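For chain R, the structure is supplied; the task is to place chain W on it using the hints.
There are 2 protein chains.
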Amino acid sequence: MQNIRKISDSTIRRLSLYYRALSNSEKDGYFTVSSQDLAKKERLTPAQVRKDLSFFGSFGTRGLGYPVKELKEKIGSILGLNRSWNVALIGVGNLGSALASYKEFQKQGFHIKLLFDNDPKKIGSSIDGIPILDIKQIGTQLKQNKIDLVIMTLPGHTAQGVAEEVVRAGVKAILNFAPVSLKVPEDVFLRNENMAIELEYLSFCLKNRNNPGKHA
Amino acid sequence: MQNIRKISDSTIRRLSLYYRALSNSEKDGYFTVSSQDLAKKERLTPAQVRKDLSFFGSFGTRGLGYPVKELKEKIGSILGLNRSWNVALIGVGNLGSALASYKEFQKQGFHIKLLFDNDPKKIGSSIDGIPILDIKQIGTQLKQNKIDLVIMTLPGHTAQGVAEEVVRAGVKAILNFAPVSLKVPEDVFLRNENMAIELEYLSFCLKNRNNPGKHA
Numbered sequence: 001m002q003n004i005r006k007i008s009d010s011t012i013r014r015l016s017l018y019y020r021a022l023s024n025s026e027k028d029g030y031f032t033v034s035s036q037d038l039a040k041k042e043r044l045t046p047a048q049v050r051k052d053l054s055f056f057g058s059f060g061t062r063g064l065g066y067p068v069k070e071l072k073e074k075i076g077s078i079l080g081l082n083r084s085w086n087v088a089l090i091g092v093g094n095l096g097s098a099l100a101s102y103k104e105f106q107k108q109g110f111h112i113k114l115l116f117d118n119d120p121k122k123i124g125s126s127i128d129g130i131p132i133l134d135i136k137q138i139g140t141q142l143k144q145n146k147i148d149l150v151i152m153t154l155p156g157h158t159a160q161g162v163a164e165e166v167v168r169a170g171v172k173a174i175l176n177f178a179p180v181s182l183k184v185p186e187d188v189f190l191r192n193e194n195m196a197i198e199l200e201y202l203s204f205c206l207k208n209r210n211n212p213g214k215h216a
Numbered sequence: 001m002q003n004i005r006k007i008s009d010s011t012i013r014r015l016s017l018y019y020r021a022l023s024n025s026e027k028d029g030y031f032t033v034s035s036q037d038l039a040k041k042e043r044l045t046p047a048q049v050r051k052d053l054s055f056f057g058s059f060g061t062r063g064l065g066y067p068v069k070e071l072k073e074k075i076g077s078i079l080g081l082n083r084s085w086n087v088a089l090i091g092v093g094n095l096g097s098a099l100a101s102y103k104e105f106q107k108q109g110f111h112i113k114l115l116f117d118n119d120p121k122k123i124g125s126s127i128d129g130i131p132i133l134d135i136k137q138i139g140t141q142l143k144q145n146k147i148d149l150v151i152m153t154l155p156g157h158t159a160q161g162v163a164e165e166v167v168r169a170g171v172k173a174i175l176n177f178a179p180v181s182l183k184v185p186e187d188v189f190l191r192n193e194n195m196a197i198e199l200e201y202l203s204f205c206l207k208n209r210n211n212p213g214k215h216a
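Which chain is which? The protein sequence lines are R and W, in order.
Residue 50 in the working numbering sits at position 50 of the first sequence, and the numbers go up by one each step.
Residue 131 in the working numbering sits at position 131 of the second sequence, and the numbers go up by one each step.
One chain only, chain R, in its complex shape (with noise of 0.2 Å):
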């Protein structure tokens, strides 16, 4: 394998979709597949996902096709997906509670174990069984927890406070939903989820149907 800093974050992106690919490739029963079906099922070219693939060493035998089995565990292992990680999510509003009880998450290995909220009346209860916390307790309880990876479902004014508060705790990975740039030390992974992207890719293949090509 090359030095894993060559790898971009489009390529861990197409990563992702791979696994998935070939996730429903070992359940459909195949034990091989082309390039050219991955590339096809997340509409790229053949040739991009082979250079993807290169970064891992030589997988596949030319005219045979990549041995599906083989390839996902490959992946999952890069993505770190052959593990399992702590997960706490701050903030059940609608989103947090969607959040918690997405059934993606605890597939792909992320087990959300705690849930904060300063709400008195949502404090005490649970939702699928995992409790909802005071959000006072953050530093303590992400320490006993040993919570590796936290998901920030706040309200934007409150989100750097409480981001500050999880790093004290030594939680090195944020994903963050709050419409908020947060600032964080350099040790510290964060990534801000925008539901609008998706939205304006399809605005984009809405806008140039009418010039010939791949999005038309």
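If you're looking for bench data, these hints aren't it; they were derived computationally from the structure.
Any given hint could turn out to be false.
Identical copies carry no separate label here, and so any pair may be met within one copy or between two of them.
As a list, the in silico DSSO-like pairs of lysine-lysine whose alpha-carbon atoms are at most 27 Å apart [as the list claims (entries may be wrong)]:
{"id": "1", "residue 1": "K69", "residue 2": "K143"}
{"id": "2", "residue 1": "K27", "residue 2": "K41"}
{"id": "3", "residue 1": "K146", "residue 2": "K69"}
{"id": "4", "residue 1": "K122", "residue 2": "K51"}
{"id": "5", "residue 1": "K103", "residue 2": "K122"}
{"id": "6", "residue 1": "K41", "residue 2": "K172"}
{"id": "7", "residue 1": "K143", "residue 2": "K27"}
{"id": "8", "residue 1": "K27", "residue 2": "K183"}
{"id": "9", "residue 1": "K51", "residue 2": "K172"}
{"id": "10", "residue 1": "K41", "residue 2": "K51"}
{"id": "11", "residue 1": "K40", "residue 2": "K172"}
{"id": "12", "residue 1": "K143", "residue 2": "K41"}
{"id": "13", "residue 1": "K40", "residue 2": "K183"}
{"id": "14", "residue 1": "K51", "residue 2": "K121"}
{"id": "15", "residue 1": "K69", "residue 2": "K136"}
Just so we're clear, the structure is a prediction, and the values are computed from it rather than from any experiment.
The following block gives chain W in isolation, referenced to the frame of chain R:
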């Protein structure tokens, strides 16, 4: 501008990111921005930024950078953000309710005009002034309200049937949050939003953080 067909999915995604970064630069009072600035904000290489932007003609002056306002408007126009889109959302559960009041959509020109559900307790009420209609009315209402784009936040087992009704009503773009692969005709643009993907990016970072390089 070169032919739109040469623009890859990843590039369109990055355009959304550049659009956000440029909006922020504009708000902060900057008139020009360098490819280094844009790259740093989005964790890309300056060469990638220049390559992406070169698709859209010659922008920027060597040593002076890109004009913020002009480039933002150009990218906005390419993404179809310089106009408004009529959106309907189907499935007013926790996630649907959260998206119905998600302010980022409106900011980019995506106006949610209608909500649909099959729960008699919800039908007839509204969220932020948007009426919740009976899911049985999809066919007539989508047409009457000239809906361009549909967001589906439904349980998986009902999604395919509803998608077919949406397609019959003439809608050409669907953003699907249901954890199933929908089948739609070739002339309908479909995006599946999977919120586990950003978590997988973070687990990749955590897993590989002891490796040297940009993800360390």
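Each hint, compared with the structure:
In this assembly of identical chains, K69 and K143 lie within 27 Å of each other by CA distance neither inside one copy nor across copies; the values are 36 Å within and 45 Å between. Taking the shortest alpha-carbon separations for K27 and K41, only the intra-copy value of 15 Å comes in at or below 27 Å, while the best inter-copy value is 39 Å. Proximity of K146 and K69 under a CA criterion of 27 Å is satisfied in neither setting, with 31 Å inside one chain copy and 45 Å between copies. For the identical chains of this complex, K122 and K51 are neighbours neither inside a copy (49 Å) nor across copies (49 Å), given an alpha-carbon limit of 27 Å.
In this homomeric assembly, K103 and K122 come within 27 Å of each other (Cα to Cα) both inside a single copy, at 22 Å, and across copies, at 24 Å. Taking the shortest Cα distances, K41 and K172 sit within 27 Å of each other only across copies (19 Å), while inside one copy they are farther apart (33 Å). Taking CA atoms no more than 27 Å apart as the test, K143 paired with K27 passes in neither setting, with 38 Å inside one copy and 38 Å between copies. Taking the shortest Cα distances, K27 and K183 sit within 27 Å of each other only across copies (18 Å), while inside one copy they are farther apart (41 Å).
In this assembly of identical chains, K51 and K172 lie within 27 Å of each other by CA distance neither inside one copy nor across copies; the values are 30 Å within and 32 Å between. Both within a single protomer and between protomers do K41 and K51 lie at most 27 Å apart by alpha-carbon distance, with minima of 16 Å and 26 Å respectively. Taking CA atoms no more than 27 Å apart as the test, K40 paired with K172 passes between copies only; the shortest distance there is 20 Å, against 36 Å inside one copy. In the homo-oligomer, the alpha carbons of K143 and K41 never lie at most 27 Å apart, since the shortest distance is 41 Å inside one protomer and 30 Å across protomers.
For the identical chains of this complex, K40 and K183 are inter-copy neighbours only, at 14 Å across copies versus 39 Å inside a copy, given an alpha-carbon limit of 27 Å. Taking the shortest Cα distances, K51 and K121 never come within 27 Å of each other, neither inside one copy (52 Å) nor across copies (52 Å). In this assembly of identical chains, K69 and K136 lie within 27 Å of each other by CA distance neither inside one copy nor across copies; the values are 45 Å within and 43 Å between.
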